[in-house]
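J.: Sequence:
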Amino acid sequence: MIDSLAALATEQSDPRYSQIDRLSTEQVARLMNAADITVPAAVAVVVPEISAAVDAVVTRMKAGGRLFYVGAGTSGRLAVLDASECPPTFGTDPELVQGIIAGGEPALTRSVEGAEDDDAGGAAAITEREVGALDSVVGVSASGRAPFVLGALAEAGRRGALTVGLSCNAGTPLSEAVLHPIEVIVGPEVVTGSTRLKAGTAQKLVLNMISTIAMVRLGRTYGNTMIEVSAMNSKLADRAARMVGDITGAELPVIRPALEAAGWNVKIAVLMIEHGLDADDARTLLERHGDRLEAALGADRAQGA
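Following our numbering, the numbering of the sequence shown begins with 1 at its first residue and continues without gaps.
Since the hints were derived computationally from the structure, they do not count as laboratory data. Since this is a predicted model, take the numbers as computed values, not measurements. Treat the hints with caution; some may be incorrect.
Okay, derived cross-link-like pairs now, EDC-like style, lysine to aspartate or glutamate, Cα gap no bigger than 20 Å in a straight line [claimed, not checked]:
1) LYS62 / GLU260
2) LYS235 / GLU251
3) LYS204 / GLU26
4) LYS204 / GLU85
5) LYS235 / GLU274
6) LYS62 / GLU251
Pair ranges (Cβ atoms, derived) [as the list claims (entries may be wrong)]:
7) GLN27 / ARG159: 45 to 53 Å
8) ASN233 / GLY187: 36 to 44 Å
9) GLY276 / ALA170: 26 to 34 Å
10) GLN27 / ARG196: 46 to 54 Å
11) LYS62 / GLY187: 49 to 57 Å
12) ASP291 / ARG30: 46 to 54 Å
13) ARG158 / SER111: 52 to 60 Å
14) GLU105 / ALA34: 17 to 25 Å
15) THR25 / ARG239: 17 to 25 Å
C-beta: ideal position from N, C-alpha, C; glycine also.
Use the sequences and the hints to build the structure in full.
T.: And the structure:
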């Protein structure tokens, strides 16, 4: 394992950074910033692979499947972060997109010794969640060879799930184990081997794409508005009101009563205002059109024409 890791691009030492401990704070900050600038270009190279993976994931989600991210260490924390943002952003059930980290919840805030190397633990996590043929599992590993992740993907594949691998090295065991490999080659880190840096940034960018594009394809946005937002606090309630105003052109004295009657459901409030419906009728109209606001608006307008 030591020899195989030493050959990885993410484990190499870049001579440009060999004396960062002798530089000023601003000099180091500029070096890091210059290194980070290269990450989006590396992601751009694999946009076709990302797109193909997202389309495959969406196909299964439309059929009732779930999306799982699996990772260890930084990769696992990023996986859990992206999954946990889906309910407040897109109004999804927490079960729809789930993050699995080696070592479980304690590993979110501290290192759990040996968890990354537990391939049986990865398989058990998939078994525990009863992953099936409609589900998709995205393994996230900068090295592309974390045993926990490989164990999870092997079990997911055995169960017929769609498998995707996100790594930052070429020709990895992770890529070989999945149907959709995504390799974002970011090269050596400013601090040698610290893959929470460029590799972590690359993984975050790709996970952003996977979850966001999937939700757009599932109709959980209207244009670029988060119409499924859960108004769980004052900031989100204000955002919901602004969205209704942007879509309908109505003012706050009209918007707020509609949102309250709609249970702070943006789509229902929009239909109430646009077509003079009460909350129940707006809800029925929305359900009749597969919970898609654009379809419900268009159909109702066509009927009134």
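J.: Decide, hint by hint, whether the structure agrees.
T.: Status of each hint after checking the structure:
1. LYS62 / GLU260: It is violated: about 30 Å lies between the C-alpha atoms, which goes past 20 Å.
2. LYS235 / GLU251: holds, 18 Å
3. LYS204 / GLU26: violated, 25 Å
4. LYS204 / GLU85: holds, 12 Å
5. LYS235 / GLU274: Between LYS235 and GLU274 the Cα gap is close to 24 Å, so the pair fails against 20 Å, i.e. violated.
6. LYS62 / GLU251: Roughly 35 Å separates the two Cα atoms, so the pair is violated.
7. GLN27 / ARG159: 45 to 53 Å: holds, 51 Å
8. ASN233 / GLY187: 36 to 44 Å: Holds, since ASN233 and GLY187 (Cβ atoms, about 41 Å apart) stay within the stated range.
9. GLY276 / ALA170: 26 to 34 Å: violated, 59 Å
10. GLN27 / ARG196: 46 to 54 Å: Hint violated: Cβ distance 21 Å, outside 46 to 54 Å.
11. LYS62 / GLY187: 49 to 57 Å: At roughly 37 Å between Cβ atoms, GLY187 and LYS62 fall outside 49 to 57 Å, so the hint is violated.
12. ASP291 / ARG30: 46 to 54 Å: Because 48 Å falls inside the window, the suggested range holds.
13. ARG158 / SER111: 52 to 60 Å: violated, 29 Å
14. GLU105 / ALA34: 17 to 25 Å: 36 Å Cβ-Cβ, so the 17 to 25 Å window is violated.
15. THR25 / ARG239: 17 to 25 Å: Cβ of THR25 to Cβ of ARG239: about 37 Å, so the range 17 to 25 Å is violated.
This entry does not satisfy hints 1, 3, 5, 6, 9, 10, 11, 13, 14, 15, going by the numbered hints stated previously.
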